Amino acid sequence: MNEPWKVVYTKQGLKDKRTAISAGFGDKVKELIGILKENPYKPYPPYEKLVGDLKGMLSRRINRQHRLVYAVYEAEHTVKVISMWEHYE
26 MNEPWKVVYT KQGLKDKRTA ISAGFGDKVK ELIGILKENP YKPYPPYEKL VGDLKGMLSR
86 RINRQHRLVY AVYEAEHTVK VISMWEHYE
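Straight run, no breaks: the sequence shown in this note's numbering ends on number 114.
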């Protein structure tokens, strides 16, 4: 079995995690974080490669409005959660 990925949070990502959980998205957030720990490139649920200011980052859908935005640092085997509330704001 592969070593799990380490998941870290920006200050905004941690704040957004608390907001998302308190808004009733706790199960979905836990599911997505579990996927990131297992394999941040896992094809399902699908992820999106971002462009523009967020180029190099990836996102996964929490619901229609909210996305979990993250960056993958392969050398450190780490995933950094950038945000998970509001759509790319």
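Some clues are possibly wrong.
Below, computed lysine-lysine pairings styled on DSS-like, alpha-carbon distance capped at 27 Å [said to hold, decoys possible]:
no., residue 1, residue 2
1, Lys-67, Lys-105
2, Lys-62, Lys-40
3, Lys-105, Lys-55
4, Lys-31, Lys-55
5, Lys-67, Lys-40
6, Lys-53, Lys-74
7, Lys-31, Lys-80
8, Lys-74, Lys-40
9, Lys-31, Lys-62
10, Lys-105, Lys-40
11, Lys-74, Lys-62
12, Lys-62, Lys-80
13, Lys-31, Lys-74
14, Lys-80, Lys-40
15, Lys-55, Lys-40
16, Lys-74, Lys-36
17, Lys-53, Lys-105
18, Lys-67, Lys-31
19, Lys-67, Lys-80
20, Lys-55, Lys-80
21, Lys-74, Lys-55
22, Lys-67, Lys-53
23, Lys-40, Lys-53
24, Lys-62, Lys-36
25, Lys-105, Lys-36
26, Lys-36, Lys-67
27, Lys-105, Lys-62
28, Lys-105, Lys-74
29, Lys-36, Lys-80
30, Lys-80, Lys-105
31, Lys-80, Lys-53
32, Lys-53, Lys-36
33, Lys-36, Lys-55
34, Lys-105, Lys-31
35, Lys-53, Lys-31
36, Lys-67, Lys-55
Restraint ranges, calculated between C-beta atoms of paired labels, are given here [stated by the list, open to error]:
no., residue 1, residue 2, range
37, Tyr-98, Gly-77, 26 to 32 Å
38, Ser-47, Val-76, 26 to 32 Å
39, Lys-80, Lys-36, 18 to 24 Å
40, Arg-89, Glu-28, 31 to 37 Å
Since the hints were made in silico from the structure, they are not lab data.
Here the structure is a predicted model, which is why all the values come from computation and not from measurement.
Here a beta-carbon is modelled for each residue, glycine too, at the ideal position from N, C-alpha and C.
Now the hints, each set against the structure:
Note on Lys-67 and Lys-105: the hinted pairing holds, with a Cα-Cα distance of about 16 Å set against a maximum of 27 Å. At most 27 Å may separate the alpha-carbon atoms for a hinted pair to count; Lys-62 and Lys-40 meet this at roughly 19 Å. Between Lys-105 and Lys-55 the alpha-carbon distance is near 15 Å, which keeps this suggested pair within the 27 Å criterion. Restraint check: the Cα-Cα separation between Lys-31 and Lys-55 comes to about 14 Å, which is no more than 27 Å; the hinted pair holds.
Between the alpha carbons of Lys-67 and Lys-40 the distance comes to roughly 25 Å, so the proposed pair stays at or under 27 Å and holds. Annotation: proposed proximity of Lys-53 to Lys-74 holds, straight-line Cα distance about 20 Å (limit 27 Å). With a C-alpha separation of about 21 Å, the suggested pair Lys-31 and Lys-80 falls inside the 27 Å cut-off, and the hint holds. For the hint linking Lys-74 to Lys-40, the alpha-carbon distance of about 23 Å falls within 27 Å, and the restraint holds.
Simply put, Lys-31 and Lys-62 have alpha-carbon atoms about 6 Å apart, close enough for the 27 Å limit, and the pair holds. A C-alpha spacing of about 14 Å is found between Lys-105 and Lys-40, which places the hinted pair at or below 27 Å, so the restraint holds. Our distance criterion of 27 Å between C-alpha atoms is met by Lys-74 and Lys-62, whose separation comes to about 18 Å. Proximity of Lys-62 to Lys-80 is assessed by CA-CA distance (about 22 Å); at most 27 Å being required, the pair is judged to hold.
As the CA atoms of Lys-31 and Lys-74 are separated by approximately 20 Å, the hinted pair is consistent with the 27 Å bound. A threshold of 27 Å between alpha carbons decides the hint, and for Lys-80 with Lys-40 the separation of about 22 Å falls inside it, so the pair holds. In summary, the hint linking Lys-55 to Lys-40 is supported, as the alpha carbons are separated by about 15 Å, within the 27 Å threshold. With a CA separation close to 22 Å, the supplied pair Lys-74 and Lys-36 stays within the 27 Å bound.
Pair hint Lys-53 plus Lys-105 holds up; C-alpha atoms about 18 Å apart against a cutoff of 27 Å. Taking the CA atoms of Lys-67 and Lys-31, the gap is about 15 Å. The hint holds against a cut of 27 Å. Our distance criterion of 27 Å between C-alpha atoms is met by Lys-67 and Lys-80, whose separation comes to about 19 Å. Among the hinted pairs, Lys-55 with Lys-80 is consistent with the structure: their alpha-carbon atoms are about 25 Å apart, no more than 27 Å.
For the hint pairing Lys-74 with Lys-55, the CA-to-CA distance comes to about 21 Å; that is within 27 Å, so the pair holds. Proximity of Lys-67 to Lys-53 is assessed by CA-CA distance (about 16 Å); at most 27 Å being required, the pair is judged to hold. For the hint pairing Lys-40 with Lys-53, the CA-to-CA distance comes to about 16 Å; that is within 27 Å, so the pair holds. Taken as a hint, the Lys-62 and Lys-36 pair is honoured in the structure, with Cα atoms around 19 Å apart against an allowance of 27 Å.
A C-alpha spacing of about 11 Å is found between Lys-105 and Lys-36, which places the hinted pair at or below 27 Å, so the restraint holds. Under the criterion of a C-alpha separation no larger than 27 Å, the hint pairing Lys-36 with Lys-67 is consistent with the structure, at around 25 Å. Pair hint Lys-105 plus Lys-62 holds up; C-alpha atoms about 11 Å apart against a cutoff of 27 Å. Proximity of Lys-105 to Lys-74 is assessed by CA-CA distance (about 15 Å); at most 27 Å being required, the pair is judged to hold.
The hinted pair formed by Lys-36 and Lys-80 meets the criterion: a straight-line CA distance of about 20 Å does not exceed 27 Å. For a cut-off of 27 Å, the pair hint linking Lys-80 to Lys-105 stands: about 14 Å separates their Cα positions. This hinted pair checks out: Lys-80 and Lys-53 have alpha carbons roughly 24 Å apart, not beyond 27 Å. Of the supplied pair hints, the one linking Lys-53 and Lys-36 holds, its CA atoms being roughly 20 Å apart against a limit of 27 Å.
For a cut-off of 27 Å, the pair hint linking Lys-36 to Lys-55 stands: about 18 Å separates their Cα positions. With a C-alpha separation of about 8 Å, the suggested pairing of Lys-105 with Lys-31 holds against the 27 Å cut-off. Proposed proximity of Lys-53 and Lys-31 is supported: the alpha carbons are some 19 Å apart, at most 27 Å. With a C-alpha separation of about 15 Å, the suggested pairing of Lys-67 with Lys-55 holds against the 27 Å cut-off.
Take Tyr-98 and Gly-77: their Cβ atoms lie about 20 Å apart, and the range 26 to 32 Å is violated. Checked against the hint of 26 to 32 Å, the C-beta distance between Ser-47 and Val-76 comes to roughly 31 Å, which is consistent with it. Judged by the Cβ atoms, the range 18 to 24 Å given for Lys-80 and Lys-36 holds: they are separated by roughly 21 Å. Distance hint check for Arg-89 and Glu-28: the Cβ-Cβ separation is about 34 Å, which falls inside the suggested range of 31 to 37 Å.
Checked against the numbered hints given earlier, the structure breaks only hint 37 and satisfies all the rest.
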